[in-house]
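Peer 1: This is what each chain is made of:
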Amino acid sequence: MTKISDSKTRVDYYAEIELGGYLPRWFINHELPKFMSTSTKWQEHFQHQRKLNQLTVEDGKNMGIMLMIKKKEESVEKRLEAFLSKNEALQQLKLTRFPQIDVMVLALLQNKLFHKKARGGNKVAVEPQNSQLARIFRSPVSAVRTLNDLTEAEATKIGRSFKLLLLTTTEPAAAVDAWRLDNKVLVPLFADHAWFEPMINAIAKQVSEPSERALWKTRILADFKLTHSDSLKMRLASLRSAQLLQSSNLGLKWRVGLGVGLSMMDMISDSGVISTYQASGNTSEAYSLIAMIGSSLAAQILFTYAQNIKKSKWVKLRESAFIVTLLKPAVDGYRVATGHEDKDSTVNPLFEMVMGKMAELAFESIPGGLLQAYMFINSPEKTTFLLISILISTLTTGFASAMISYDMDVSVTTRKEVPLFYGYIKDSNTERGITFVLLILLASLHNLSRTIGTALLLSVSKELTFGIILAEHVLYHLYKIVRRDYVVWLVGLEGGVKYMVAFVAHSAVKVLVDYTGERVI
Amino acid sequence: MTSTPYTAKENNAVNRLLEIAEAFKASKSKKMTTASPLAQGKKQITKGNKHTITTIYYTTNVPCGLHELYAHIVAEDNSANFIEKIEEVYNDHHSINYYALSFPKPVHDREFHTSVVTKIEAEKIMFVSVPCFIEEKARNVHPDRVRAEVRNSTF
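First to last, the protein sequences are chains A and B.
94 is the number that the working numbering gives to position 94 of the first sequence; each next residue is one higher, with no gaps.
If you want the working numbering, it's the 1-based position in the second sequence plus 521.
Keep in mind that a hint or two might mislead.
What the hints assert, rightly or not - Listing some non-contacts, in silico: residues in chain A with all C-beta distances to chain B over 10 angstroms: (1) Ser39; (2) Pro188; (3) Thr383; (4) Gly433; (5) Asp485.
Claimed, not checked - Below are the DSSO-like pairs computed for lysine-lysine, each with C-alpha atoms no more than 30 angstroms apart in a straight line: (6) B/Lys626 to A/Lys71; (7) B/Lys626 to A/Lys8; (8) A/Lys3 to B/Lys552.
Claimed, not checked - With beta-carbon atoms standing in for the labels, derived distance ranges: (9) A/Ile4 to B/Glu597: 18 to 24 angstroms; (10) B/Pro627 to A/Ser85: 36 to 42 angstroms; (11) A/Asn53 to B/Asp613: 27 to 33 angstroms; (12) B/Arg668 to A/Val315: 55 to 61 angstroms; (13) B/Lys645 to A/Glu341: 43 to 49 angstroms.
Bear in mind the hints are in silico, worked out from the structure with no lab data behind them.
Using N, Cα and C, we set each Cβ at its ideal position, and we do this for glycine too.
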């Protein structure tokens, strides 16, 4: 135990254990936490004793994590009650400033959009029955109210509104930021208590993390009083836990599912188009499409190499395998939604996901759409199928482009880094929804007009078209070089990789801005 | 600080464990899931003469002063974590611990008999737990328990 400061001690624990007989590796992995829970218990004990004015950012994070540690057969209500009965800082906050904090945190931890109906058909929710409170419940929580004045129903409403934001944002931190901005009454709480935001961030991150299921099981195994008869109970409890998590991970599932779905659909449609072109004798077009897919994969592999440049060759190989097997969008979506942190990566998971999507759009979807439009214009048979295919391709391009814009804009990190640009999407759920739909329409229509224009020009003269595109790109790269903005943003990369990534990234951005009006800087 | 001088065996135990800690830091280890996200863990699994030897490391920051934490540890009663725990004070820096842990069936429960040596420095306190080097007292034999070893363990 080493003194860090007067109020902080680091505990380093080393143990070399021989358990005296053969035990399978998985069993050891489950049992080891038993030896390792001691100092965490000390940490929890002293964390609870911290006073409100002593709390720091680190305390907030730790409290959030502690609030999310589940124990065997313990309900959320019991967990929160036990936590609040021990935690001096939150007790102090409840007494002095925010009487309904327990109600709000309970609704937040329950992490449900809607409450289940009881068998009799009545709602279990804390929804008020009398008309005055019912009115308050339906109306948004007024900005002029203070934390002290909040009613139980209002606190529940605020807590419950968090789930929807978690579903509609990519990163847990972005959901917390939107929650703060959407509930003006909480602004003083965030402003005056530096620990509050990290606490909610930690809760949001844990709620989005399916591995908490594994952690939960570990906690059960770490219970020293576990007997043989408990194993069945444990399995049953585990199933119940899985059901709860199933409902709380909707946002994550939606994002990962969408990533897998779009990738698979893209692969199927591309394969179909290639075989159609080959069957109809348009082999050069088929090869063009194969080249587009190849260049998209190559660009993504280059970005992945740069992202994992500090890591082992096995990690680079694994990440490249995700790209080749088309699982990368799902993996990226998972990492972003769970707030994955990796200090050895070059950029954060959100930027990695955006780079991957940009490569896919710029080198495959947009040129593919252009090829389809060109084929349609020059085809003697203008079938409805080809037209619908172009429209679908335009819409998916618009959707992917809007996703990039939306994710980058609502991200807390980018809003803090570039406040003059990001923040154009407003903070309420309705406004965000409307903006997202408009972004899709804007990007799709922009893509359609530019694609048709280029395809018409291509039909007139290939040389002129490629000449114009090349000239535009050369000018754009020269402009970036003159502004000394070519590689300056690539922190953590050196040598040839830096210039290759810069070249590919600038080319991709140029295509995206030209063909979808992408709003990313 | 303690008044009883440290024996050669006690000093050896402390030094050996510090060496193990240094060696662990210098060598490759795998990330290990801990019982709580508050702690970060690593592990190394090696083959011993007979059985697998696992070396684990984890670290946490406790929000209190060093001596406040030490006082809490000394006063803490953690016997509920064990199916049996007997602690005998040997001298002011050495205690002998016998304890047994329940393992889920069909695995047999494990028992440990260890010497715990405490070393207090100005800004550091170390607890070292090694196989007991004081002769063991006669005690009830539990045929259903397997004698395990915390070969070296330190804070």
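Peer 1: Taking 43 to 49 angstroms as the hint, is the beta-carbon distance of lysine 645 of chain B and glutamate 341 of chain A inside that range?
Peer 2: Since lysine 645 of chain B and glutamate 341 of chain A have Cβ atoms about 30 angstroms apart, the given range 43 to 49 angstroms is violated.
Peer 1: Verify that the Cβ of glycine 433 of chain A lies farther than 10 angstroms from every Cβ atom of chain B, and report whether the claim holds or is violated.
Peer 2: Holds: least Cβ distance 33 angstroms, greater than 10 angstroms.
Peer 1: Does aspartate 485 of chain A clear chain B by more than 10 angstroms, comparing its Cβ with all Cβ atoms of that chain?
Peer 2: Non-interface label stands for aspartate 485 of chain A: nearest chain B Cβ at 38 angstroms, farther than 10 angstroms.
Peer 1: Over 10 angstroms to the closest beta carbon of chain B is the bar; see if proline 188 of chain A clears it.
Peer 2: 25 angstroms, holds
Peer 1: Take a quick look at serine 39 of chain A and tell me if its Cβ sits farther than 10 angstroms from every Cβ on chain B, holds or violated.
Peer 2: Since the minimum Cβ distance to chain B is about 5 angstroms, serine 39 of chain A lies within 10 angstroms and the statement is violated.
Peer 1: Verify the proposed pairing of lysine 626 of chain B with lysine 71 of chain A, using a straight-line Cα cut of 30 angstroms.
Peer 2: 21 angstroms, holds
Peer 1: So does isoleucine 4 of chain A sit 18 to 24 angstroms from glutamate 597 of chain B, Cβ to Cβ?
Peer 2: 21 angstroms, holds
Peer 1: Could you check the hint for me, namely that proline 627 of chain B and serine 85 of chain A are 36 to 42 angstroms apart, CB to CB?
Peer 2: Given range 36 to 42 angstroms: holds, Cβ gap about 39 angstroms.
Peer 1: Between arginine 668 of chain B and valine 315 of chain A, does the beta-carbon spacing fit 55 to 61 angstroms?
Peer 2: Hint violated: Cβ distance 41 angstroms, outside 55 to 61 angstroms.
Peer 1: Can you confirm whether the C-alpha distance between lysine 626 of chain B and lysine 8 of chain A stays at or below 30 angstroms?
Peer 2: Violated. Lysine 626 of chain B to lysine 8 of chain A sits at ~40 angstroms, over the 30 angstroms cutoff.
Peer 1: Is 27 to 33 angstroms right for how far apart the beta carbons of asparagine 53 of chain A and aspartate 613 of chain B are?
Peer 2: 38 angstroms, violated
Peer 1: Under the criterion that the straight-line Cα-Cα distance not exceed 30 angstroms, is the pair lysine 3 of chain A, lysine 552 of chain B satisfied?
Peer 2: Distance ~25 angstroms between lysine 3 of chain A and lysine 552 of chain B Cα, so the pair holds.
Violated hints, listed in ascending order, are 1, 7, 11, 12, 13; each of the other numbered hints is respected by the structure.
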